[in-house]
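Chemist: Each chain, written out:
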Amino acid sequence: MGTSSPSAAGAESPGAEQSIVVGSVPQMLAGHSMDLIAQIVAVSRQLFPGEVSYEHSPDPEGGTHDYVIFDVIAWGEYADYRDRILQWHDEVEKIVPNNAGAFRLIVHPHL
Amino acid sequence: MTGDEILKLASELFASKGAKSEALCRAIIGRCYYAAYHLSLALFAEMGLPRSSDHKIPSRWLIESGEPNAKSAGRFMEDLYSARRRADYELEHPVAIRESRDLQFVKSQIELATDIKRLLAVCALEPARSQVQAGIQAFRQRTESPRRG
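Same order as they appear, the protein sequences are chains U and G.
Going by the numbering used here, the residue at position 31 of the first sequence is 410; the numbering climbs one at a time, nothing skipped.
Going by the numbering used here, the residue at position 75 of the second sequence is 1284; the numbering climbs one at a time, nothing skipped.
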């Protein structure tokens, strides 16, 4: 799992762009995974200020359905951040035009 | 039995009185995904599209159709699948434990599934319906091997 935590929502601290990867990323991303991950972390933090973490989720059912999950925090109710989920996917699709499905978003709402 | 009934069950379990255990919340998250999954299969069946047991297919078809409502539904479904797989398989995972003890998170997954249901209902009606059908058909022609006769 990797994490990237700003000091406060929307207020970036020096060095906050750094992130750590522990574990693996899908085979399909081998060779350029860190660059992609860094770009998606940046998009995630822009749309969902606060802690961003990510992890590779291998297929537990023995298939080929694996991906990287980005966990983010959103303040408010589902209706407040719903459109930002779609924005996140739009931005990820720009970064990874042919393999956007390899990246998933899980939002943790806080009231 | 329909996806709508599964979603109703998830909502009723969430709204039920009494303490909600981690196991119950994990089950609710799982039901939310399967509600959306079966609602999408019902839409495809109604459109004359084949059924697939591969869970990647429904969301991918919706996304690749290019129709905006279907694309949103597919993306939400992929994310909901990820939450469901975590809830079902990652019993010791700290984030999965936190999610399934967080009622706000569980509620958000019900809202996500309800949103998918609404989007799929739009896809079932014209003008979206024809766009979804044509988009999926084109995607299948691009990606599926021709059948040998």
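There's no promise every hint is true.
[Stated by the list, open to error] Derived pair list, reagent style DSSO-like, types lysine-lysine, alpha-carbon separation capped at 30 Å:
| # | chain 1 | residue 1 | chain 2 | residue 2 |
| --- | --- | --- | --- | --- |
| 1 | U | LYS473 | G | LYS1226 |
| 2 | G | LYS1226 | G | LYS1265 |
| 3 | G | LYS1229 | G | LYS1326 |
| 4 | G | LYS1326 | G | LYS1265 |
| 5 | G | LYS1226 | G | LYS1326 |
| 6 | G | LYS1229 | U | LYS473 |
Calculated directly from the structure, the hints in this document are not laboratory data.
As the structure is a computational prediction, the values presented were derived from the model and not from experiment.
Chemist: Run every hint past the structure and note whether it holds.
Modeler: These are the hints, each one checked on the structure:
Proposed proximity of U:LYS473 and G:LYS1226 is contradicted: the alpha carbons are some 45 Å apart, above 30 Å. Distance check on the hinted pair: G:LYS1226 and G:LYS1265 sit about 35 Å apart at the alpha-carbon level, beyond 30 Å; violated. Taken as a hint, the G:LYS1229 and G:LYS1326 pair is honoured in the structure, with Cα atoms around 25 Å apart against an allowance of 30 Å. At most 30 Å may separate the alpha-carbon atoms for a hinted pair to count; G:LYS1326 and G:LYS1265 meet this at roughly 18 Å.
A C-alpha spacing of about 25 Å is found between G:LYS1226 and G:LYS1326, which places the hinted pair at or below 30 Å, so the restraint holds. For the proposed pair G:LYS1229 and U:LYS473, the alpha carbon gap of about 40 Å is over 30 Å, so the pair is violated.
Hint compliance for this structure: hints 1, 2 and 6 are broken, all remaining hints hold.
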